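Asks: Taking UniProt numbering, the leading residue of the sequence shown gets 1, the next gets one more, and so forth.
Read the hints as simulated data drawn from the structure, not as lab findings. Bear in mind the structure is a predicted one, so any value in this text is a computation, not a measurement. Take the hints with a grain of salt, since some may be wrong.
[Unchecked claim] Lysine-lysine pairs mimicking DSSO-like chemistry, simulated, CA-CA at most 30 Å apart:
id: 1; residue 1: 7; residue 2: 68
id: 2; residue 1: 57; residue 2: 121
id: 3; residue 1: 127; residue 2: 8
id: 4; residue 1: 121; residue 2: 68
id: 5; residue 1: 68; residue 2: 127
id: 6; residue 1: 57; residue 2: 7
id: 7; residue 1: 7; residue 2: 127
id: 8; residue 1: 57; residue 2: 68
id: 9; residue 1: 121; residue 2: 8
[What the hints assert, rightly or not] Between beta-carbon pairs, the in silico distance windows are:
id: 10; residue 1: 82; residue 2: 114; range: 31 to 37 Å
id: 11; residue 1: 130; residue 2: 34; range: 46 to 52 Å
id: 12; residue 1: 43; residue 2: 116; range: 19 to 25 Å
id: 13; residue 1: 96; residue 2: 35; range: 26 to 32 Å
id: 14; residue 1: 96; residue 2: 4; range: 31 to 37 Å
id: 15; residue 1: 114; residue 2: 94; range: 21 to 27 Å
id: 16; residue 1: 85; residue 2: 51; range: 15 to 21 Å
Every residue gets a Cβ at the ideal spot worked out from N, C-alpha and C, and that includes glycine.
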Amino acid sequence: MDIAGRKKLLLVGTLGVIAAHTMIGLLFLNGQDSGMLLVFLMCAFVAFFAFSMGPIKFVVMNEIFPTKVRGRAVAVATIMVWVCQAFLNQFFPMLREIIPVGAIFLFFAAILIPQILFTLKAMPETKGMSLEEIEQQWKTQDEEPEGELQSANS
Numbered sequence: 001m002d003i004a005g006r007k008k009l010l011l012v013g014t015l016g017v018i019a020a021h022t023m024i025g026l027l028f029l030n031g032q033d034s035g036m037l038l039v040f041l042m043c044a045f046v047a048f049f050a051f052s053m054g055p056i057k058f059v060v061m062n063e064i065f066p067t068k069v070r071g072r073a074v075a076v077a078t079i080m081v082w083v084c085q086a087f088l089n090q091f092f093p094m095l096r097e098i099i100p101v102g103a104i105f106l107f108f109a110a111i112l113i114p115q116i117l118f119t120l121k122a123m124p125e126t127k128g129m130s131l132e133e134i135e136q137q138w139k140t141q142d143e144e145p146e147g148e149l150q151s152a153n154s
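Let's have the full structure, built from the sequences with the hints guiding it.
Replies: So, in structure tokens, the structure goes:
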């Protein structure tokens, strides 16, 4: 991650997952729910997820919280990740009974589009920076000039 950068990996991985989910969804909607192409696309999804969304969320969690609350905050965030994954795993079979599998994959692809926009617009690149340097960068971004603070309160 420190060689390629978190943003680049997340963007490439997310685009790959969107492409894989879209093609899987279209295959299912066209009745092609087996075959080597489907296996290849599932493997592509796993590969793109494995170098991007899978590990990067845990790295970013450690970078966005201040040192004094990092341990507890990362613990809570990690619990939320696991709760959301458990929720998805429990409800996917029920979803599959009421919605075509292809539509579910297309929905998963669509909900990743905001992630691309967020990564491009809001996520800072922290490649090669220590946790202390990242925390200092967050602090300097949060500081506002006094004039802006006063005008916002008046």
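Asks: Each hint needs a verdict: does it hold in this structure or not?
Replies: Tested hints:
As the CA atoms of residue 7 and residue 68 are separated by approximately 26 Å, the hinted pair is consistent with the 30 Å bound. As the CA atoms of residue 57 and residue 121 are separated by approximately 17 Å, the hinted pair is consistent with the 30 Å bound. A distance of roughly 10 Å separates the Cα atoms of residue 127 and residue 8; the hinted pair therefore holds under the 30 Å criterion. The hinted pair formed by residue 121 and residue 68 meets the criterion: a straight-line CA distance of about 27 Å does not exceed 30 Å.
At most 30 Å may separate the alpha-carbon atoms for a hinted pair to count; residue 68 and residue 127 meet this at roughly 22 Å. Restraint check: the Cα-Cα separation between residue 57 and residue 7 comes to about 11 Å, which is no more than 30 Å; the hinted pair holds. This hinted pair checks out: residue 7 and residue 127 have alpha carbons roughly 9 Å apart, not beyond 30 Å. Of the pairs offered as hints, the one joining residue 57 and residue 68 holds, with about 20 Å between alpha carbons and a cut-off of 30 Å not exceeded.
Taking the CA atoms of residue 121 and residue 8, the gap is about 13 Å. The hint holds against a cut of 30 Å. Distance hint check for residue 82 and residue 114: the Cβ-Cβ separation is about 22 Å, which falls outside the suggested range of 31 to 37 Å. The hint said 46 to 52 Å for the Cβ distance between residue 130 and residue 34, and at roughly 49 Å that hint holds. Between residue 43 and residue 116 the beta carbon distance is about 22 Å. The supplied range of 19 to 25 Å therefore holds.
Between residue 96 and residue 35 the C-beta distance comes to about 19 Å, which lies outside the given range of 26 to 32 Å. Restraint check, residue 96 to residue 4: a C-beta distance of roughly 36 Å satisfies the suggested window 31 to 37 Å. Checked against the hint of 21 to 27 Å, the C-beta distance between residue 114 and residue 94 comes to roughly 25 Å, which is consistent with it. For the pair residue 85 and residue 51, the beta carbons lie near 18 Å from each other, so the given range of 15 to 21 Å is met.
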